[in-house]
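Here's the letter readout for the chains.
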Amino acid sequence: MSATDRTNETLLSVRNLVKTFHIGKGLVQAIAGVSFDVRRGRTTGIVGESGSGKTTIGRCIMRLVEPSGGEALFEGEDLFQASNKRLRDLRKRLQFIFQDPYSSLNPKMKVADIIGEAIDTHRIAKGGARRQMIGDLLERVGLDRDHDRRFPHEFSGGQRQRIGIARALAVQPDLIVADEPISALDVSVQAQILNLFQSLQTELGLTVVFISHDLTVVEYLCDDVVVLYLGRVMESGRAEDIYGNPRHPYTRALLSSSPLPDPERRRERIVLKGDIPSPLAPPSGCVFRTRCPAAIDACAKTVPPIEEVGEHHTVACIRHQDLPAWLPAQNQTKEIA
Amino acid sequence: MTQMNAEPMNPVPASSDAVTLKVTGLRTHFRIGSTIAKAVDDVDLTVRQGKTLAVVGESGSGKSVTSLSIMRLLAPSARIIDGTMTFKRRDGSVVDLARANNRVMRKIRGGEIAMIFQEPMTSLNPLYTVGDQIIEMIRLHETISRADARSRARRMLELVEIASPEQRLDDYPHSMSGGMRQRVMIALALACDPFLLIADEPTTALDVTIQAQILELLRRLQHEMGMSILFVTHNLGVVAEIADDVAVMYAGKVVEQAPVRSLFKMPRHPYTKGLIACIPDPARDRDETGRRRPLSPIPGSVPSVTNLPRGCAYADRCPLTVDKCRVESPPLIAVETLHSTRCWRHEDV
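For the record, the sequence lines run as chains R and Z.
At position 107 of the first sequence (counting the first as 1) the number is 116 in the numbering used here, and the numbers step up by one without a gap.
At position 9 of the second sequence (counting the first as 1) the number is 867 in the numbering used here, and the numbers step up by one without a gap.
Hints listed in this document are in silico derivations from the structure and should not be mistaken for laboratory results.
Each hint should be verified, as a subset may be incorrect.
Listing some non-contacts, in silico: residues in chain Z with all C-beta distances to chain R over 10 Å [as the list claims (entries may be wrong)]:
| hint | residue |
| --- | --- |
| 1 | R967 |
| 2 | G969 |
| 3 | P1023 |
| 4 | C1050 |
| 5 | P1138 |
| 6 | I1191 |
Under the rule of at most 20 Å between Cα atoms (straight-line distance), these lysine to aspartate or glutamate pairs were calculated in the DMTMM-like manner [to be verified]:
| hint | chain 1 | residue 1 | chain 2 | residue 2 |
| --- | --- | --- | --- | --- |
| 7 | Z | K896 | Z | D1174 |
| 8 | R | K101 | R | D183 |
| 9 | Z | K1131 | R | D271 |
| 10 | R | K282 | Z | E1019 |
| 11 | Z | K1123 | R | E273 |
| 12 | R | K101 | R | E84 |
| 13 | R | K282 | Z | E1074 |
| 14 | Z | K1123 | Z | D1102 |
| 15 | Z | K1131 | Z | D949 |
| 16 | Z | K1131 | R | E273 |
| 17 | R | K343 | Z | D1028 |
Rough simulated footprint, nothing fancy, chain R against chain Z, three-plus residues with beta-carbon under 8 Å [stated by the list, open to error]:
| hint | stretch |
| --- | --- |
| 18 | 880–889 |
| 19 | 986–999 |
| 20 | 1056–1070 |
| 21 | 1123–1134 |
The model shown is predicted, which means the values in this text are computed figures rather than measured ones.
Glycine included, every Cβ here is placed at the ideal spot set by N, Cα and C.
With these hints in hand, go ahead and build the complete structure from the sequences.
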């Protein structure tokens, strides 16, 4: 499937997702009403810093943690209302890839059993066909067929992540949620896994939700991007709009903070003051206002509505139409003398 | 070269080529049972006065063991078996850190060479207030009253841009965010005005907006205090921002060292070139119709330092490998002033 045949059809629609955790006597709203659409055959990047709720969103979609409110419509069916029995069937269509390739594979199981477990659970194949399938999957992710008799400790981090991907692919899912799948890998190996994701999407037409803190990687891999801050969506849209024409001050600051691997150019940088506030006591109004260089009094009073600023492009900022000119957009870099 | 705005605290020698630390032929090996891990094996590095040398490498490259060797903070299973590390001391004398006795090392550590780590929480004592930790550090190296040490500690917190420093002195590390703890670590490290700051992945555990703050802070402090920095990282973006010089490490060796611009513009080792090509670059990785081109990864993975191949350790992954590479390990070859590489085929890179 090429870029042009990708559809506009929504495969998963997350509506007003809320997740609250109890900490001691306090209540933390880790996700405070998040909505976004995942379109079929596309890769949707979810970016944010620590405490933004990006990992929790992925886990809620998979029902690895129970959401506190909202819905996740998968082809119209609400995943959050599905019974355990129904969920078991749905998990054949939704798969998860974990960040840490060391702790997410059972060290006592051979690779054939790790991948075979998914095949058996969903009764996909048996006997020779099962063996054939495991071999094909290993080859698909760039490993050797005869690696199936080995244990996870015999593989490097990048190879382990390939095993995790093969396990997810074994059930021929429609949607894969990948939570920071390359963050634990060495730089030289990250590119290998990115290429693998890229080819899976083009060849198998997979839909991927890619959770990451790395803006460069998301720009490369993703078609659509959701920018989170403190459990809320700040901006969402097609990657080319988010990176080419960011409309939220946070998106602009975040993009400008990402270091460029070029000593002769530097981004026009907005260095944000202070730290991400505690989710135990989020600021009133817009949660970003305490660090926002463009904040005005009104930002403390109202939660900014999510406004459409272009096709598929939304932003939650009351000042998006009159952002100060000194707040640089992404592509502005300057040469260093 | 940048002009100094503020008067540096350390006297800057007339020659800009003055060297703070010169490491030559350093070998640090670990014994694990009956196997020997050659974590650092023939490393040469030069840190120039008032400049930042970035040591960049992937896991197992030996970059952290190199910095721990300089500080002589190695685990008991590790041993410096060869090499010299000449360091110019505050009194103008020169010492070989590989051979200095413990008494001398105790004076140098913290007083003349300071270090900050990736995870500030594990390097700060959770049972003491940050003020007590900075005061203890100052009084260990200088004869100074507690009250004076406290006011210096407050100035240090101010210097690293911590708001309400007087109150913060009496806070415990757990009540601070990751970014603020790293600021405290920097204050602690710089309290005795060291000549050399070793920063081992100081921004890796931080969010990118906080990383930007810390990098800016380090740049400003270097400007004001004139110290040299040895900055260990795996992130080439950070290298491009902070370094004057770069040493690229692979499997226990420096495979290339050069000023930052030459390194990025004209890498002379295939590994350096491969690393740079691995980073996605939207300008390069899309064709005219906006379709993505595949990245050019380095095949395979980093070899284990307990089982290194003969010859060049990068040969198995290198597109330029010839027979000679698998037999004989290349020496560090000077290709230009300040630019050297360990590659037989450096002319073809």
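We went through each hint and held it up to the structure:
no.	hint	verdict
1	R967	holds (30 Å)
2	G969	holds (31 Å)
3	P1023	holds (15 Å)
4	C1050	holds (27 Å)
5	P1138	violated (3 Å)
6	I1191	holds (23 Å)
7	Z:K896 / Z:D1174	holds (18 Å)
8	R:K101 / R:D183	holds (9 Å)
9	Z:K1131 / R:D271	holds (13 Å)
10	R:K282 / Z:E1019	holds (10 Å)
11	Z:K1123 / R:E273	holds (9 Å)
12	R:K101 / R:E84	holds (14 Å)
13	R:K282 / Z:E1074	holds (12 Å)
14	Z:K1123 / Z:D1102	holds (14 Å)
15	Z:K1131 / Z:D949	violated (41 Å)
16	Z:K1131 / R:E273	holds (17 Å)
17	R:K343 / Z:D1028	violated (42 Å)
18	880–889	violated (count 0)
19	986–999	violated (count 0)
20	1056–1070	holds (count 6)
21	1123–1134	holds (count 4)
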